[in-house]
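Undergrad: The lines below spell out each chain.
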Amino acid sequence: MTIAVDENGYYGEFGGAFIPEMLYPNVEELRKNYLKITQEPEFQQQFQHLLKDYVGRPTPLFLAERLSEQYGAQIYLKREDLCHTGAHKINNTIGQILLARRLGKTRIIAETGAGQHGVATATVCALMGMQCIVYMGSVDIERQAPNVARMRMLGAEVRPATSGSQTLKDATNEAIRDWINNPVDTHYIIGSVVGPHPYPDMVARFQSVISQEMKAQLLEKTGKENPHAVIACVGGGSNAAGAFYHYLNAPEVRLIAVEAAGEGVDTGRSAATSVLGTRGIIHGSRTLLMQTPDGQIVEPHSISAGLDYPGIGPLHAHLIQTGRAEAVAVTDEEALASAFHVARKEGIIPALETAHAFSALDKIRFERDEVLVICLSGRGDKDLAAYIRHLEAH
Amino acid sequence: MQQPTNRIQDLFQRKSGGILNIYFTAGHPDPKDFPATLSALEAAGVDFIEIGMPYSDPLADGPTIQESGAVALRKGTTLPWLFDQIKAIRAQIHTPLILMGYFNQVMQYGEARFFEKCQEAGVDGLILPDLPLLEYEKHYKDLVEHAGLAISFLITPQTPEERIRKIDELTRGFIYMVSDSSITGAKAGISDKQIAYFERINGMGLRNPRLIGFGISTREGYDTACRYAQGAIIGSAFIKALEQGGEVKQATSEFIGQIRP
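Just so you know, the protein sequences line up as chains H and D, in that order.
Each residue of the first sequence is one higher than the one before, starting from 413 at the first, in this note's numbering.
Each residue of the second sequence is one higher than the one before, starting from 465 at the first, in this note's numbering.
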């Protein structure tokens, strides 16, 4: 069975576009145009040029020898942390801003949790000379001050989302409301493989450069395009979608989706959506999400602001439900321990989100000398405050 | 097939203009006010009562309705409670009742069960702004019509003509005309651009009546809506009036008295 989105935006039973009529013209304009425009030679030429000379692609695929020796496997790291702005997020914002410009939009809005997507959006807006407004939960503005400063320095306006729990979910609600109020001149750059169709497919395609490069790099280094497994953390799931993309229809490659268990899956303070979630609608997409039996969306918890999301992209809901991907849950404490472990074993300080993916090495079974690729989605500079607290406590 | 009779459709048979639809959020300002609010709205002579099912993430709503929903949820409002309340008071209330809410709640309740329960409790109409037309037509139209419910779909200034025709075909009861490109409660006053939109829709010869909502808060807005459509929908302004405190019956009759003296 081929895994791909259908014409109505569904992966199996997940996806679609559950949006109020006020959003229909915008989303429909994107749906009609995103494939056509992104396949035009001029678009591709600009996109590839910026990925290469501005983002710094291709990112290296690094054989982590000390970790490999410890785990008895060949562990490769896909170094998305070396992208301009420090994470994979910019692959998508470059693609979307070129698309927005092609559609004649002059104003860009975005949501952000930890601030990585907000910084990546503010960056491309500065590059293109476009107005940029980033919605961010008031709580996140407090706890991610350096990224707020970066966005402002780049010329973006950071607007606090004061509704609900004042985190990523509410920032997304506010961005959607802004788009309803500004239907003509504005493009909404969603930062993950979430939202109404065509966003999950569009963002996955922009991020698919990750696995495209991995294939060529693995062929060169191991003689084979396919690894035994690809491991990536999943909040909404954009780096995982990119790292899985070109292996979706290669069933011999295991896809490991690592979720944030927070304080533990059963503690009531968790973000392990594939375990705790049920079918429902969030931000215009039918997927798995954390909600009450009454259908009220509940607040997740993770130490990592980027994984602190009550839903999961519809592609991942489909992959997990059909068994194509394996879900692994990693707690806050385990992720913190992994961040320090990787820093001291390989000299790389990963983002807290990415640290979850490393913890999966302790949780999955693999054969000796198998080739495992971990998507090292972002660097840990933004998480230093949390790391310092951990150092002081231990 | 003969449609079962429905209070909304019946009213449009008798009354072709000047319709006033008032929205409030169930459980706000307090769940115990629910029956009194319905009675007060009926006593004040409103034509339709639209009851909001409070939701954690109301994407199309502005701050006033968001906050009213958050209050109602904090005070324990649930869908089963709401159905019980409506069922208990339905015999005393003759005004058509419309439930408005986001589709996730309907999904969790179970779609078929939800529509049956609406019928059983005495609900006449539905507004589910994030239920896509295509999904409705494919999966739910027969269930909704079988339950005798009148469903309203929304149109906006940006909705293309062909799509308005499709919405007109699927709507039973009235088309919800969003006055402007906005979330609820957003703006004051009606611009020339909006008038041009109202006139354009008027000229389309649609089979369903239209009510204009979003940003209508005053007698002037109501009068304008009645000039270009069959009536108006008012929500946020009424919720603010209820939040002033005081007795529900009096606050309601004063508010409606200002809109329709």
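Note that these hints are calculated values from the structure, not bench results.
Glycine residues also receive a C-beta, built at the ideal position from the N, C-alpha and C atoms.
Do not take every clue at face value.
Said to hold, decoys possible - One side only, chain H facing chain D, incomplete, derived with CB under 10 Å:
| no. | residue |
| --- | --- |
| 1 | R691 |
| 2 | I693 |
| 3 | R698 |
| 4 | Q733 |
Undergrad: Each hint should be assessed against the structure and marked as holding or not.
TA: Hints, one by one, checked against the model:
1. Interface hint at R691/H: satisfied, since its Cβ lies 7 Å from the closest Cβ of chain D, which is below the 10 Å cut-off.
2. For I693/H, the interface hint holds, since its Cβ comes within 10 Å of a Cβ in chain D; the closest pair sits about 4 Å apart.
3. Residue-level restraint check for R698/H holds (minimum Cβ-Cβ distance to chain D is 8 Å; threshold 10 Å).
4. Using the Cβ-Cβ criterion of 10 Å, the hint placing Q733/H at the interface with chain D is not satisfied: the shortest such distance is roughly 16 Å.
When the structure is compared with the earlier hints, a violation turns up for hint 4 alone.
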